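Visitor: Spelled out from the first residue to the last, the chains are:
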Amino acid sequence: MQTFRFDPCDLPDTALALRSDVRAFLASELDGFPARKRAETWMGWDADFSRKLGERGWIGMTWPKQYGGHERSALDRYVVLEEMLSAGAPVAAHWIGDRQSGPLLLNYGTEQQRQKYLPSIARGESFFCIGMSEPDSGSDLASVRTRAESTGDGWVINGTKLWTSGAHRAHVMIALFRTATEEGNRHGGLTQFLVDLDTPGITIRPIRDLSGNAHFNEVVFEDVLVPDTQRVGETHGAWKQVTAELAYERSGPERYLSCYPLMAELVQEMHGKSEHSSRDEIEIGRAVAELATLRQMSVSVAGMLDAGQNPALEASVVKDLGAVLEQRIPGLATDLLGRPFHLGAGGIDEAAAYLVQNAPSFSLRGGTREILRGIIARGLGLR
Amino acid sequence: MNELQTMLSDTANRLFTDHLQKPVREAAEEGQWPQLLWQAVEENGFGHVLVSEARGGAGAGWSDAMVLLRACGTHAVPLPLAETIVAAWLLDQAGLDVPEGPLTFAQSDLQPDGDSVVCTVPLQAVPFAAQCKHVVAVSPHKDGVRIALFVDGKSSNEVTTIARDPVADLTYNAPAVSHGIAQLPADTVLQFGAVVRAAGIAGALQAVLLQAVQYAGDRVQFGRPISQFQAVQHQLAELASHAASVGVAVDAAARAIEANPRTAGFDIAVAKVRAADAAQIGASIAHQTHGAIGFTYEHGLHFWTRRLWSWAPEFGGAAHWAQRLGKEAIKGGGKELWTTIAAR
Ligand SMILES: Cc1cc2nc3c(=O)[nH]c(=O)nc-3n(C[C@H](O)[C@H](O)[C@H](O)COP(=O)(O)OP(=O)(O)OC[C@H]3O[C@@H](n4cnc5c(N)ncnc54)[C@H](O)[C@@H]3O)c2cc1C
Numbered sequence: 049m050q051t052f053r054f055d056p057c058d059l060p061d062t063a064l065a066l067r068s069d070v071r072a073f074l075a076s077e078l079d080g081f082p083a084r085k086r087a088e089t090w091m092g093w094d095a096d097f098s099r100k101l102g103e104r105g106w107i108g109m110t111w112p113k114q115y116g117g118h119e120r121s122a123l124d125r126y127v128v129l130e131e132m133l134s135a136g137a138p139v140a141a142h143w144i145g146d147r148q149s150g151p152l153l154l155n156y157g158t159e160q161q162r163q164k165y166l167p168s169i170a171r172g173e174s175f176f177c178i179g180m181s182e183p184d185s186g187s188d189l190a191s192v193r194t195r196a197e198s199t200g201d202g203w204v205i206n207g208t209k210l211w212t213s214g215a216h217r218a219h220v221m222i223a224l225f226r227t228a229t230e231e232g233n234r235h236g237g238l239t240q241f242l243v244d245l246d247t248p249g250i251t252i253r254p255i256r257d258l259s260g261n262a263h264f265n266e267v268v269f270e271d272v273l274v275p276d277t278q279r280v281g282e283t284h285g286a287w288k289q290v291t292a293e294l295a296y297e298r299s300g301p302e303r304y305l306s307c308y309p310l311m312a313e314l315v316q317e318m319h320g321k322s323e324h325s326s327r328d329e330i331e332i333g334r335a336v337a338e339l340a341t342l343r344q345m346s347v348s349v350a351g352m353l354d355a356g357q358n359p360a361l362e363a364s365v366v367k368d369l370g371a372v373l374e375q376r377i378p379g380l381a382t383d384l385l386g387r388p389f390h391l392g393a394g395g396i397d398e399a400a401a402y403l404v405q406n407a408p409s410f411s412l413r414g415g416t417r418e419i420l421r422g423i424i425a426r427g428l429g430l431r
Numbered sequence: 010m011n012e013l014q015t016m017l018s019d020t021a022n023r024l025f026t027d028h029l030q031k032p033v034r035e036a037a038e039e040g041q042w043p044q045l046l047w048q049a050v051e052e053n054g055f056g057h058v059l060v061s062e063a064r065g066g067a068g069a070g071w072s073d074a075m076v077l078l079r080a081c082g083t084h085a086v087p088l089p090l091a092e093t094i095v096a097a098w099l100l101d102q103a104g105l106d107v108p109e110g111p112l113t114f115a116q117s118d119l120q121p122d123g124d125s126v127v128c129t130v131p132l133q134a135v136p137f138a139a140q141c142k143h144v145v146a147v148s149p150h151k152d153g154v155r156i157a158l159f160v161d162g163k164s165s166n167e168v169t170t171i172a173r174d175p176v177a178d179l180t181y182n183a184p185a186v187s188h189g190i191a192q193l194p195a196d197t198v199l200q201f202g203a204v205v206r207a208a209g210i211a212g213a214l215q216a217v218l219l220q221a222v223q224y225a226g227d228r229v230q231f232g233r234p235i236s237q238f239q240a241v242q243h244q245l246a247e248l249a250s251h252a253a254s255v256g257v258a259v260d261a262a263a264r265a266i267e268a269n270p271r272t273a274g275f276d277i278a279v280a281k282v283r284a285a286d287a288a289q290i291g292a293s294i295a296h297q298t299h300g301a302i303g304f305t306y307e308h309g310l311h312f313w314t315r316r317l318w319s320w321a322p323e324f325g326g327a328a329h330w331a332q333r334l335g336k337e338a339i340k341g342g343g344k345e346l347w348t349t350i351a352a353r
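Protein chains in written order, with the numbering used here: chain H, 49 to 431; chain Y, 10 to 353.
Simulated from the structure, these hints should not be mistaken for lab results.
Nothing here was measured: the structure is a model prediction, and the numbers come from that model.
Just so you know, not all the hints are guaranteed correct.
To be verified - With a straight-line cut-off of 16 Å between C-alpha atoms, the simulated EDC-like cross-links for lysine to aspartate or glutamate are: (1) Lys-344(Y) - Glu-317(H); (2) Lys-288(H) - Glu-173(H); (3) Lys-340(Y) - Glu-331(H).
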């Protein structure tokens with residue numbers, strides 16, 4: 049049986065110095081930023097804010113300088129991320145490009161693709177979305193049916209992507225399409241493409257979620273032409289790329305900090321009261337213990353990434369435990385404050401109202417709890 | 010793991026695998042002191058791992074000692090090894106010599122008596138009290154804590170824990186053999202007791218995980234190993250995640266103690282909350298996976314699960330430590346919380 053390795057990791061001095069810079073920046077930039085907005089954290093979209101981060105060199109931090117990156121360590125980047133998330137900064141616009149599309153292009157893209165996209169992602173000007181899921185393909189990603197058919201020097205695409213976060217505002221989708229159907233080899237006939245979203249034939253329809261917001265989308269492709277220069281990696285070779293991409297998607301601190309701004313508001317509200325029941329204190333303390341431990345685990349994953357290891361399994365552990373905690377915090381606020389949270393009420397009430405409604409998604413997006421536990425079970429040698 | 014840790018880990022695993030077979034465990038549970046096992050532990054200097062080299066110890070740090078403290082759980086060691094490691098460390102911290110033999114420690118009320126100190130109240134519910142000739146008593150002092158070594162106490166109220174480890178009260182009529190002051194927190198006994206129990210839990214969770222995974226692969230029902238059932242897989246994945254989480258939390262606590270034993274309270278509290286909560290979840294999943302056979306004395310899973318249940322509330326349970334964390338967090342306010350978490 050393999051046991052999971054979470055080696056302790058010390059953040060380097062450069063990261064600690066950076067932390068104060070980021071804190072100072074966020075303190076002035078987010079002064080007066082409402083709790084409800086902070087509660088969105090990495091779902092909050094603000095192109096101007098992303099551009100400002102780009103100017104400071106806080107996007108594409110680990111990438112080579114020739115592509116607009118800053119050649120800093122993954123641990124420096126980690127500190128920037130956790131400061132952004134704990135402060136509830138609106139980072140959604142550049143988040144996906146920085147987190148996974150950029151690294152994917154560095155690993156598998158052509159020189160021309162890197163030059164075309166990476167510098168503008170790093171400047172906080174070019175925004176990406178992830179086109180994996182489809183109406184009939186969620187957990188079972190290898191079943192995607194949207195087809196890209198070769199025309200010789202290009203591809204013609206037909207089908208529908210679903211749940212694509214931010215597609216209505218992004219510039220580019222990195223999409224997974226079926227390029228061949230072979231009996232018994234579902235993983236073999238898949239290819240990834242860079243699709244500029246203003247290409248003719250693409251219809252993007254925002255889908256309202258249960259909280260009333262429209263954050264994800266249905267994206268329909270009708271005879272969309274994409275030149276072969278937009279293919280990422282090998283034809284039919286996308287499965288291993290997608291797996292690597294999902295590892296980036298699952299390994300960051302956003303996987304346990306989505307509700308952190310509400311947790312901070314809750315503690316602040318308690319702080320303002322003269323008395324607390326021991327139950328209040330115990331419940332807050334228990335959540336603090338879990339947060340502190342998840343952070344240690346998450347920093348450890350960052351350390352392994354920095355050392356060039358592949359902590360996909362450990363990242364799944366953090367995402368699964370993290371989602372459980374994230375989903376508990378809105379309920380904790382409901383329990384401890386013991387009042388209904390009204391929309392339009394402002395302050396912590398509105399932040400809590402938002403997160404109560406959004407919590408179900410935390411164990412779905414980026415891979416469901418069941419799929420993650422399956423991955424962990426495989427790591428234990430059970431399957 | 011560094012070189013010393015690898016060495017400690019290899020030695021401990023070999024020693025416990027060789028010397029700690031089922032009859033030894035069963036005899037220990039019947040109240041028989043496992044002399045041969047203790048001898049082997051003592052010959053390897055395990056109990057004095059945290060004692061400075063000047064006083065004849067290994068001079069190792071808490072992160073190194075963690076290897077042994079976790080091994081106490083992984084091997085369900087029926088000895089006061091964790092107690093000895095802490096007690097010896099306390100003596101060393103107070104500049105006192107460390108005697109041979111098993112040691113234990115307890116909260117006390119120590120009062121000066123001429124050049125010496127006396128213990129005015131019985132030491133209560135002391136682990137392995139009757140088995141340890143020497144006991145380290147600790148009480149608050151204006152410069153930290155007063156630490157005193159007592160010999161030949163009179164034990165009363167002898168009971169056993171759920172783990173079948175002996176516990177008793179101790180009274181002393183004679184003054185301390187030696188005493189000194191250590192710059193440690195006023196609640197030293199609670200804090201360092203809690204962290205060694207958390208470490209034991211981390212080790213025991215690892216052990217029950219291993220046993221449950223192994224068993225699930227071997228046990229066939231409906232024509233296939235039960236490990237093929239997704240419900241079973243997911244339970245074990247949950248157990249594995251909790252085991253990993255406790256391991257991380259106790260390592261962080263060890264590092265914090267190493268950096269400064271006076272300011273490690275937050276990290277120790279985090280470790281004990283996580284450990285105590287995970288102990289309950291882990292024991293429950295391990296038993297569920299084993300079905301009825303795991304409920305028998307014969308099978309032996311209980312050597313570990315009874316320790317999980319026993320250690321979870323010892324030196325403060327999840328609620329006690331969570332309340333401390335919660336109080337601190339609320340006192341500090343919303344801004345302070347992240348600063349505290351990210352400072353580690
Ligand atoms: C807020 C949000 C944002 C998203 N953003 C994006 C995005 O930007 N890009 C993108 O491509 N996708 C996105 N998704 C889609 C997400 O990846 C999928 O929702 C997820 O993979 C699950 O697929 P599904 O919704 O089709 O559920 P299904 O796969 O139909 O699953 C339904 C239930 O069945 C369970 N289940 C399915 N298969 C198994 C199995 N083998 N064993 C046990 N249980 C199983 C699941 O765990 C789940 O509980 C987003 C989803 C959400 C909620």
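Visitor: Indicate, hint by hint, whether the structure satisfies it.
Guide: Hints versus structure:
no.	hint	result
1	Lys-344(Y) - Glu-317(H)	11 Å, holds
2	Lys-288(H) - Glu-173(H)	28 Å, violated
3	Lys-340(Y) - Glu-331(H)	15 Å, holds
Taken one by one, the earlier hints fail for this structure only at number 2.
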